[in-house]
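Asker: With chain X fixed as given, assemble chain L onto it according to the hints.
Protein chains in written order, with full-length UniProt numbering: chain X, 1 to 253; chain L, 1 to 253.
Derived by calculation from the structure, the hints in this document are not laboratory data.
Computed from a prediction, not measured in an experiment: that's the story for all the values here.
Please note that a few of the clues may not be correct.
Because identical chains cannot be distinguished in the list, a pair is counted as satisfied if it fits within a single copy or across any two copies.
When the alpha-carbon atoms are kept at most 30 Å apart in a straight line, the in silico DSSO-like pairs for lysine-lysine are as follows [as the list claims (entries may be wrong)]:
#1 Lys155 - Lys109
#2 Lys109 - Lys23
#3 Lys166 - Lys155
#4 Lys25 - Lys155
#5 Lys166 - Lys23
Number of protein chains: 2
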Amino acid sequence: MTSASPTAAVLLIGDEILSGRTKDKNLGFIADYMTALGIDLREARLVPDVEEEIVAALNALRHRYSYVFTTGGIGPTHDDITADAVARAFGVEIDHDPRAVEILLAYFKEMGREPNEARMRMARIPRGASLIDNPVSRAPGFQMGNVFVMAGVPKIMNAMMEDVAKRLTRGVPMQSRNVEFRGGEGDAAQPLGQIQRLYPSVVIGSYPFQAPDGFATNLVLRSRDAAALEEAYQAVCRMAQALTAEGKARGWA
Amino acid sequence: MTSASPTAAVLLIGDEILSGRTKDKNLGFIADYMTALGIDLREARLVPDVEEEIVAALNALRHRYSYVFTTGGIGPTHDDITADAVARAFGVEIDHDPRAVEILLAYFKEMGREPNEARMRMARIPRGASLIDNPVSRAPGFQMGNVFVMAGVPKIMNAMMEDVAKRLTRGVPMQSRNVEFRGGEGDAAQPLGQIQRLYPSVVIGSYPFQAPDGFATNLVLRSRDAAALEEAYQAVCRMAQALTAEGKARGWA
Numbered sequence: 001m002t003s004a005s006p007t008a009a010v011l012l013i014g015d016e017i018l019s020g021r022t023k024d025k026n027l028g029f030i031a032d033y034m035t036a037l038g039i040d041l042r043e044a045r046l047v048p049d050v051e052e053e054i055v056a057a058l059n060a061l062r063h064r065y066s067y068v069f070t071t072g073g074i075g076p077t078h079d080d081i082t083a084d085a086v087a088r089a090f091g092v093e094i095d096h097d098p099r100a101v102e103i104l105l106a107y108f109k110e111m112g113r114e115p116n117e118a119r120m121r122m123a124r125i126p127r128g129a130s131l132i133d134n135p136v137s138r139a140p141g142f143q144m145g146n147v148f149v150m151a152g153v154p155k156i157m158n159a160m161m162e163d164v165a166k167r168l169t170r171g172v173p174m175q176s177r178n179v180e181f182r183g184g185e186g187d188a189a190q191p192l193g194q195i196q197r198l199y200p201s202v203v204i205g206s207y208p209f210q211a212p213d214g215f216a217t218n219l220v221l222r223s224r225d226a227a228a229l230e231e232a233y234q235a236v237c238r239m240a241q242a243l244t245a246e247g248k249a250r251g252w253a
Numbered sequence: 001m002t003s004a005s006p007t008a009a010v011l012l013i014g015d016e017i018l019s020g021r022t023k024d025k026n027l028g029f030i031a032d033y034m035t036a037l038g039i040d041l042r043e044a045r046l047v048p049d050v051e052e053e054i055v056a057a058l059n060a061l062r063h064r065y066s067y068v069f070t071t072g073g074i075g076p077t078h079d080d081i082t083a084d085a086v087a088r089a090f091g092v093e094i095d096h097d098p099r100a101v102e103i104l105l106a107y108f109k110e111m112g113r114e115p116n117e118a119r120m121r122m123a124r125i126p127r128g129a130s131l132i133d134n135p136v137s138r139a140p141g142f143q144m145g146n147v148f149v150m151a152g153v154p155k156i157m158n159a160m161m162e163d164v165a166k167r168l169t170r171g172v173p174m175q176s177r178n179v180e181f182r183g184g185e186g187d188a189a190q191p192l193g194q195i196q197r198l199y200p201s202v203v204i205g206s207y208p209f210q211a212p213d214g215f216a217t218n219l220v221l222r223s224r225d226a227a228a229l230e231e232a233y234q235a236v237c238r239m240a241q242a243l244t245a246e247g248k249a250r251g252w253a
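So that you can see chain X by itself, here it is in the shape it has in the complex (with noise of 0.2 Å):
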């Protein structure tokens, strides 16, 4: 990974969550996402519907990574805190933003919905925060400073996402290639790490796993040089073959 790649950390808010009623589905996306547009995502949290977590977070990564994106916490109901506590996070005024109030409005009219009081505490955006555009249900998220608030709900999260990609500044993609050993990982360890320390620009992983004859390995390269890559594969190919042709290939882990 280069230093001039720009990096990301994904924040995640909500005791559904914690509590095991809601799987996450939010962190694969937006890392499948980063990945694409070359961005390196360095760490990911998972906070309670809580204000002072959820600031202490938000001030952790936003002053260490070029992004953070959260989400959750952007609804109507009570437990919904996640604006008020980005205003608490940047110093910030909180108060029903026109932009917004105009969105809500304009789409509660359209939908018969009553526009009350917690239908638009939804059009509550820190002073100085531009709006992220939510084609499925309308409620803006925004953005403040380096940080995208976005809902939990995963359908509109991606949707999004779509509008947040916009503004951020994409990297050299990563490239990868994938060698499928047919042996287990810690027959490949000890020459795999030899060829880790030979092209420290190349990230090399392992993933075991069961194939239908037998345990299997997938040896994973990723980076942004290309030669190297292609050298670090080769150099990895070559390993794979020696090793299932010496029979040394026989179990797992």
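Answerer: Just chain L now, kept in the frame of chain X:
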């Protein structure tokens, strides 16, 4: 949540989750497990295979919560550095542990696998740790203080949890009630907030979903106080009936 309940944090370790290549399933499993044991899962973090990051996260979490559960990074390859990171976080030595060596040698002999240097790395355990049983592929996890170090492969991690669970102090399990409300989050938000204020020992969440006949919302009440839970549940039922009767429940969030 009473302050007497044990608390917990999860630390997921691995580049493959940050890159999106692997979609984590361990967090949800541990969350369900903790809920069943009456332990409050309060936070989770995901960090890359970088020793300083693992050490920093471990030290941030282990002083703050009753238990920390880590997954990933205890295999035989160069990127498996969790054991070293735990030793460094606790300031203890790490070396091949005779108990772990014995387990691994017996297993490799039985399976006809070569006990090479890489495989035997899996016997490196921080001094003072106790082993965690691995009935799937034998290579043990370990407990160091209040930190439980487990495999990243879900099948192995889930099996290790059986041994880990015996060592945990259980809390009073959270009980929960669910009210399916035929209306939008925004319809229920205001009265629901009032009920929440009346019953601070009950955690009330609202989770919208699309039902066959329109938008609906699951109103979930959780508490360790059975009497308060029942009272709050009755209040939410009355609220839902009243809103439905008024015909106010028309829209979504």
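Asker: Compare the structure with each hint and give your call.
Answerer: Results for each hint:
| no. | hint | result |
| --- | --- | --- |
| 1 | Lys155 - Lys109 | within (23 Å within a copy, 50 Å between copies) |
| 2 | Lys109 - Lys23 | neither (33 Å within a copy, 40 Å between copies) |
| 3 | Lys166 - Lys155 | within (18 Å within a copy, 39 Å between copies) |
| 4 | Lys25 - Lys155 | both (10 Å within a copy, 20 Å between copies) |
| 5 | Lys166 - Lys23 | both (28 Å within a copy, 25 Å between copies) |
Of the hints listed earlier, the one the structure fails to meet is number 2.
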